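Colleague: Letter by letter, the first sequence follows residues 1 to 673 of the UniProt record's numbering.
Take these hints with a grain of salt, some might be off.
Below, computed lysine-lysine pairings styled on DSSO-like, alpha-carbon distance capped at 27 Å [to be verified]:
#, residue 1, residue 2
1, Lys535, Lys493
2, Lys320, Lys615
3, Lys38, Lys300
4, Lys518, Lys411
5, Lys157, Lys191
6, Lys320, Lys300
7, Lys442, Lys205
8, Lys300, Lys28
9, Lys300, Lys13
10, Lys28, Lys38
11, Lys518, Lys479
12, Lys38, Lys7
13, Lys576, Lys83
14, Lys576, Lys328
If you are wondering where the hints come from, they were derived from the structure by calculation, not from laboratory data. Bear in mind that the values here come from a model prediction, so they are computed numbers and not experimental data.
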Amino acid sequence: MKKFVLKKEEPRKRPEDYSIPYADLLNKQQLDAVFHEKGPALVVAGAGTGKTRTLVHRVARLVESGVKPSNILLLTFTRRAAKEMLNRASNILDERCKQVQGGTFHFYCSLLLHRHAEIIGYPSNFTIIDTADALEVIQFVRTELKLNKKKKRFPNKNTLLNIISTCINKHLDLRVVLQEQYPQFLEQEEKIQQVGLAYQEYKEKNYVMDFDDLLIKTRQLLTQHEDIRIKVASQNQFVMVDEFQDTNKLQAELTELFSSVHGNVMAVGDDAQSIYSFRGADHQNIMDFPERFEGTKLIKLEENYRSTPQILNVANNLLKQASFKFDKQLYSEIKDGELPALVQSSSEHDQSRFITQAVLQLREQEMELNEMAVLFRNGRDSFDLEVELNRKNIPFVKYGGQKFTEAAHIKDVLAHIRVLVNPMDTIAWNRVLMLLDGIGPKTAQDLFEWIRLAKNPYRLDLSDTTSQSYIDQLKVLSKLLVALKENDHSVAKVVELVVDYYRDFCKDRYDDYPKRLKDLEAFVNVSESFTSLPKMLEELALDPITATAVDTEQKTKEEAPLILSTIHSAKGLEWKHVFIIQCLDGIIPSAYSVEDEEQLDEELRLLYVAATRAKDMLYFSYPVLAQSAYGDYFTQPSRFLKDMNNDLVEEWKLVEEEQQQQIEEGNQQQLTD
DNA sequence: GCAGCGAAAATATCT
DNA sequence: TTTTCGCTGC
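Whole structure, please, built from the sequences with the hints as guidance.
Modeller: Spelled out as structure tokens, the structure:
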């Protein structure tokens, strides 16, 4: 026999060993991060310093070096971000990069939980409930528990859910949360605890999970089942977490668990951009990372490649105003641009006219609409602008704000789908049943008890036991559900049939039904892109469509649309021209955060994040007078803009055409005189 | 137990 | 302005 000696395979370690010219594409620090091999690393990256670029190239490099894509886990803040990064990675390398596991913590946890559901006592078809559903459940247990009708004020469902969720996400005891945030309810601690437990029990009994459960049950799964932890963590040879400043304590723990076999974990973040503390995010996670992961290599990205020095000056000025100081100065080698504009308008509507016309002007100068963005603090801050944009036929997409799936009529339709997927989902059944005349909370509850025990939960054949007024309606409902269950329709067909059934209810219940019916048609269209009903429910829960996205879809095919976004949803993105509207004191900073130094700082960072999205030009815009939802008036520009002098920003004045003509005529007059 | 009416309250950012 | 609570008549 002849021997053929195979040479030892040289691991690729240096940029020269690769087909992609990493060394030409990246700076020294970025290269360090991309070529970081084993062990934990923390990349502290200021705004615009090429954080995404670094992650994208690291994914490409790992794949190119022979790591199986499925052994890489990339956790990002939104699913959109993960998709974009993996797309970019496959553009520089190849399609393999799309096989990388990517998504939000919630998404990845959902994946693991569906895979191992039975171990924690759930069926694999469990439903994920959104905040509105969660509130309904809270309301239900709240009324159930209200045995002694003492006249003491008891927190309402919103507050209760907030308290419960804060305990979980910040990993705190109920008492601590109450002491810090709701001292007025300290006396009720016991009852609040009861609500919390009843809520938990309700969810478990009905096989549903809320967003927090996805995280907490995953931790439970991995800490209580050593074998599964090892299996999961073995697969994750390389773990990367983006936007680490906006992870909470629980997510930091999960990061540790996910990477607990190989220990190759890279976190990327910027403490100056932490804007999610309301959700339990703790930018201390960044500071604590080296302690949590021993032997952490620290890499700092400091040079900004995005914005002009003028924009960075403004950003640096903002950061300087923080009461908790940052040791941070952004700088860039980009050539000078215009001074950021400070635009005062006389009314919100004039502000909208300004934005619309400025956008049109830029478009005439050959700038694509999607290279510009309008950012704002609250979803509703763009309502007036949206009307104006529609009038002028400017296509736009809006990120953030009211979700399409949160609208009552869409939830009604979705509830029917949910009972088809998970017949134990009481919340959905309640919604479905209470649409019928004569069925209220109590009857719905009784009916569900019957459904729970029924052989076929969709065959609502109660004619021999009841002679109620709703019996005929129940038959119609039952016929629909049985038919949908028995036939193997496409997702869109199912949605269409449910919508057909629901249309009359919609007309009865809502005065503005024409608009809602249009939404329903749009929903049928949207549903075509889903492969199965469970998948659709999961996707819609974890990545809900924004309200305007649906009806703008048509228009956007012709021209890339203008971007409208809440500042929170603009995280990590960039545009040539950025307009920040409604820069009013009381809006940003929000009137509810001015009392608290920490919260005020977060509002400041929010404006910082908004400002650093701009590459070429930045506009701060505010109307002189703005009315809030019920009565209050905001009349002052944001306090954060107050001490920006003329070196930093340029004040723009809006002048009406007629006025301008008069001025010009006046000048003419003077000349001829 | 349901539905409808009038009075009273009311935080927003997102997975 | 919109949502939520509590009361009343059926």
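Colleague: Please go over all the hints and tell whether each is borne out by the structure.
Modeller: Evaluation of the provided hints:
no. : hint             : in the structure
1   : Lys535 to Lys493 : 15 Å, holds
2   : Lys320 to Lys615 : 21 Å, holds
3   : Lys38 to Lys300  : 18 Å, holds
4   : Lys518 to Lys411 : 15 Å, holds
5   : Lys157 to Lys191 : 13 Å, holds
6   : Lys320 to Lys300 : 20 Å, holds
7   : Lys442 to Lys205 : 18 Å, holds
8   : Lys300 to Lys28  : 10 Å, holds
9   : Lys300 to Lys13  : 21 Å, holds
10  : Lys28 to Lys38   : 18 Å, holds
11  : Lys518 to Lys479 : 25 Å, holds
12  : Lys38 to Lys7    : 24 Å, holds
13  : Lys576 to Lys83  : 22 Å, holds
14  : Lys576 to Lys328 : 23 Å, holds
Of the numbered hints listed earlier, not one is contradicted by the structure.
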